[in-house]
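Number of protein chains: 2
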Amino acid sequence: MMEALTYTITFKVEGSKDLLVPVLSGESILEGAKKANLAIDAPCSGNGTCGKCRVQVLKGAVESKETRHIPPDEYSAGYRLACSTTIQSDLTVFVSARALAYQSRMKVTDLSTSREQGIFAALQEELRDMGLSGDHGLSLITVQLEKPGLDDAMADRERLLRTMAEQLACESESIRFSLYALRKLPHLLRDTEFSCTGVLRQEPDQRYTLLDLFPGTEGEAPLTGLAIDIGTTSVSLLLVNLKTGEPLAVGSAGNGQIRYGADVINRIIESTRPGGLERLHKAVIEVCIRPLISQVCHTAGLPPEQIYRVVVAANTTMTHLFLGVPAEHLRLEPYIPAFFSTGTLRGAELDLGVHPDAEVEIAPSIGSYVGGDITAGAFSSMIFKQEALSLLIDLGTNGELVFGNGEFLMACACSAGPAFEGGDISCGMRATDGAVEACTIDQDTMEPTFKIIGAPEQKPAGLCGSGLIDTIGELFRCGIINAKGRIVREGKRTARDEWGIGSYILAFADQSESSRDIVLTETDIDNFIRAKGAIFSAIKTMLTMLDFPMDAIEGVYVSGGIGSGINVQNAIRIGMFPNLPLEQYHYIGNSSLSGAYGMLTSRKAAEKVLEIGRGITYLELSAHPSYMDEFVAACFIPHTDGSLFNLDT
Amino acid sequence: MMEALTYTITFKVEGSKDLLVPVLSGESILEGAKKANLAIDAPCSGNGTCGKCRVQVLKGAVESKETRHIPPDEYSAGYRLACSTTIQSDLTVFVSARALAYQSRMKVTDLSTSREQGIFAALQEELRDMGLSGDHGLSLITVQLEKPGLDDAMADRERLLRTMAEQLACESESIRFSLYALRKLPHLLRDTEFSCTGVLRQEPDQRYTLLDLFPGTEGEAPLTGLAIDIGTTSVSLLLVNLKTGEPLAVGSAGNGQIRYGADVINRIIESTRPGGLERLHKAVIEVCIRPLISQVCHTAGLPPEQIYRVVVAANTTMTHLFLGVPAEHLRLEPYIPAFFSTGTLRGAELDLGVHPDAEVEIAPSIGSYVGGDITAGAFSSMIFKQEALSLLIDLGTNGELVFGNGEFLMACACSAGPAFEGGDISCGMRATDGAVEACTIDQDTMEPTFKIIGAPEQKPAGLCGSGLIDTIGELFRCGIINAKGRIVREGKRTARDEWGIGSYILAFADQSESSRDIVLTETDIDNFIRAKGAIFSAIKTMLTMLDFPMDAIEGVYVSGGIGSGINVQNAIRIGMFPNLPLEQYHYIGNSSLSGAYGMLTSRKAAEKVLEIGRGITYLELSAHPSYMDEFVAACFIPHTDGSLFNLDT
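Chains as they are written, first to last, in the numbering used here: chain A, 1 to 649; chain B, 650 to 1298.
Everything labelled a hint here was simulated from the structure, so no lab data went into it. Some hints could be false.
[To be verified] Pairwise CB distance ranges, derived in the manner of DEER restraints:
#1 A:H624 x B:E867: 42 to 48 Å
#2 A:E14 x B:K666: 42 to 48 Å
#3 B:G783 x A:T6: 58 to 64 Å
#4 A:D90 x B:E867: 57 to 63 Å
#5 B:H836 x A:K17: 37 to 43 Å
#6 B:H836 x A:T6: 30 to 36 Å
[To be verified] Below, simulated DSBU-like cross-link-like pairs (lysine-lysine); rule was C-alpha separation at most 35 Å, straight line:
#7 B:K796 x A:K282
#8 B:K833 x A:K282
#9 A:K184 x B:K683
#10 A:K282 x A:K12
Idealized CB from N, CA, C, for every residue including glycine.
All chains, please: the whole structure from these sequences, using the hints.
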């Protein structure tokens, strides 16, 4: 066997500096990009199916075969899929900003719209009314010490504790002094004439921990917490002033693990490779969360060490990888997580850069595929205290569902796949600039009208999840596609290729951002139908198991970050959501982040989420005999059982 | 002003690889060595007085003036003091192994002699008798879990806690699961058929922390702790099997901070320079303690993460620098430490490489110059429970004293300076190979007989502390020096230089390791007399203050690592120790390390040390009006007040 030769790839990255990396002959360009820590988007994990990892080879020899994702003219211009192209010489490769989607601004729930702010304000009020607010255990205390002298040589720490204990009416042994604060103490006291303000945490055993020290009085010292939602696709942060409960800053970014696969299964597989667990752990903490923390702290004008309490909500796999705990048994029968809950951790244990003694709470999981995002969401959606039978639908890369009310709760998860986030769809993309997020189609002319993310003059670049639901809903409403998703009308906007696969042309080359036609093919529609079928059949299976008809559902709470929101009517029209009156649907933004916010501002809320987690019954759909039948039945528009849907709704 | 030029020094290090480092013209070779992280011994902190930083310039231009430490022939051969020689071109510099003394094997209390083992065994027995043994809070528990299945999908952590809580008869919420153990859990359970042994710590609030997990049963799992003594000059470690209290391995090395100055004052000054505190913190942890931990763990065959409890005893300055807490106020009136005690810290906070959740206890200080080494020593010497009035003399770079009994304890510190450890003495050296550690002199012939550290054929290289005491005691006994330390006999062994300074020739060039005469000058003897005078006058001042005569002392406990032990008769003869019957003297080895050992194996012992610390009265000698007079009076051999000493003792 010949030894592999070593070459160098020079990545010319749009909007960034060049990256050089040594590679071996025969490796793929995608592998080279991973070595260069360059996060080329590859939601299909590099098996050539998603077509997202398009790069342009400017110089050098490669081997690759033709693919439907690269038209012949682009192929001649050097465009290739990075995953399916092997290196045969030194290369110069151009990587467009779009291929680095995870670095782009993700449009997730970030309180940037008045609608989201309204949802959040309502939640704050409800938490206050429920007495689940402000009991985060942190407080400020200002002390004025007697100055030391030759006849009073008590050490600084003991001097401070003596006065503080007097004010708190406790023993000074009941106050633990964090090393972080101790390091600040000697200079601070002498800079402030022995007067300062301490950040205290009351511990569950009624003792205190002195976390930090500031000059001045309570009003000048910060009291800050951080809520984190780690989604498979994107990560969101909310920095909170714990004195008032008000947000100080928000931030979000793509999950840095995306380069290792779009869904949890591919991430778990990557985690079992040598060094993989560490890689994924770092990819989310170092590449993603720490920079985001720096960003929100910069916005708020405080250093990360002044974050004293952190709450993390994430699905079960993300929680394992965030903590660096082996996740492989999540996908091996009998699908056992390493943990449901973790107890309280400390900032220093996770290298988050926050205060080393910060409490870190993790929202509890209840099963391999129903995680802390759902227990947090079940809390913030408030379905746990409804009389009315309610359904929470969290649309992420995994679709997760909770059904019930104040009496019982049941949860399940289904693999919707990456379609809602732009994977598996030739013109699919994440909800970033250029994404069509809403669409109507004229029934007569078949001409579409778009709402596009980005600046007013932004041209369309593809479809994000909400735009995809709209488009397919509109195609069906206009009779352009039939119940099986086949194109059944002819005209300027429809086409059929040499193999007979029909398509709808969303935008012609001269109107699109890429100067290529944007096309939704029957293959794309098939992929989408499977995704929406997974969601609907999961709802149906769960209700059937509990012996409820679909119309027993009295309220539906839709959460997730697949776009700015979903046109529910279209989602019902295509058979993704149950056919219920529209007023029963409530869009609640990122319920996982909201739940983490609740846990952050209140220990009683955190306890409530644990209690909810213990109370939820987990339904493993893959173990349920009727789920497959339900799924097959749901893979039509809207459904094989027409009685479930009334198209005039 | 001319800009400094950049040159390169190539350090050719005896027994090691070459080091290249960029330097600026005008910097000293010692500064260059510090940049290269090369720890050239400079106990005088580079002011040219100790003569220890001898290097040989092999190539290149330097500027330096002549010094009494370098004879003319050696000066022509390129020998220079690194501290007093500035760089004027690229250089090649030879550094002998001796100049790197801190890296050498330090002869400190390390249980390597049967005497030390005997002292240690007696302490172990006494602690057992006192019920201060074994209550370290750590225990092992073996569990056999039910295996999970599709119908029992409880997560690993909750499954383990359920069984463990049953066995412990507590709630599973009362057991905290360390993240370290959680990361091990999934694979361990599946590798062991769901049977394993946990390392538990009982917390003061009666809850438990699960620290670690092992396959197999209690017998196979380790339970390890570590005692650390951080001296100004050297650091000692004792790795202990906490199941039995038996030592597993010992280790010691020079304190990595030595390059920044020999005594605490110079270290504190260095710590106030930009980045200095961090440098000193790292110099002791990264350069010294972590490698020593690796070494003792390697000897014992276990990884450092399996150390679950750590106790550190050190003087006040060393404790501050170890923890990275600003120490500068220790030397500024009114001499206030940042802390006396710290409460329990965690391994991860100090980056020791031990288990991240290991408890780290710090022996409490009671003043700026009486630290945890003394509270630990007051404990292990057992003077706190004696009826007899007892004196603890800890001979380090600082001399520290505790006097009292079960009723009261008083402590003070005096700056003995580096003489006992080889500084300030032209032929002085630390207690490493080649050091004369004991000496007798024939009264008639004036010929000396030595006991030398090292192999049987080892030639003498210089005097360590105990050898120095012996030599000066013998010179006085033989009438070779008078009460003022002046040479008063003539012969082959004595000489007088051109300025009239007398000296005693310990070894002629042909019998010495360096092939140079080894000489003790009157200047050396003066320096030593000041050191011994500081010790004796401190004892005298303290007793006078308490209104006790010297012979009220009923027992003296001598500790410290200045040699293999001290010839007490000689120490009395020269007026360093009080004139008491020899049988009242007890050499107790490294009492700081022994005290740390006691605290390690017993939380009650650790509590006792805190209690002792609170009970000791601290006497600030510098604030005491009569100390200076006492010191001047003690700067004779044996003393100006002859009645205090009876030379026939």
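Verification of the hints:
With their beta carbons about 43 Å apart, A:H624 and B:E867 fall inside the hinted range of 42 to 48 Å. At about 45 Å, the CB distance of A:E14 to B:K666 agrees with the hint of 42 to 48 Å. Checked against the given bound of 58 to 64 Å, the beta carbons of B:G783 and A:T6, roughly 59 Å apart, stay inside it. Between A:D90 and B:E867 the C-beta distance comes to about 60 Å, which sits within the given range of 57 to 63 Å.
Between B:H836 and A:K17 the CB atoms are about 41 Å apart, so this pair conforms to the stated range of 37 to 43 Å. Distance hint check for B:H836 and A:T6: the Cβ-Cβ separation is about 35 Å, which falls inside the suggested range of 30 to 36 Å. Under the criterion of a C-alpha separation no larger than 35 Å, the hint pairing B:K796 with A:K282 is consistent with the structure, at around 32 Å. Taking the CA atoms of B:K833 and A:K282, the gap is about 18 Å. The hint holds against a cut of 35 Å.
Distance restraint check for A:K184 and B:K683: the Cα-Cα separation of roughly 28 Å lies within the 35 Å cut-off, and the hinted pair is therefore satisfied. For the hint pairing A:K282 with A:K12, the CA-to-CA distance comes to about 25 Å; that is within 35 Å, so the pair holds.
The structure shown violates none of the earlier numbered hints.
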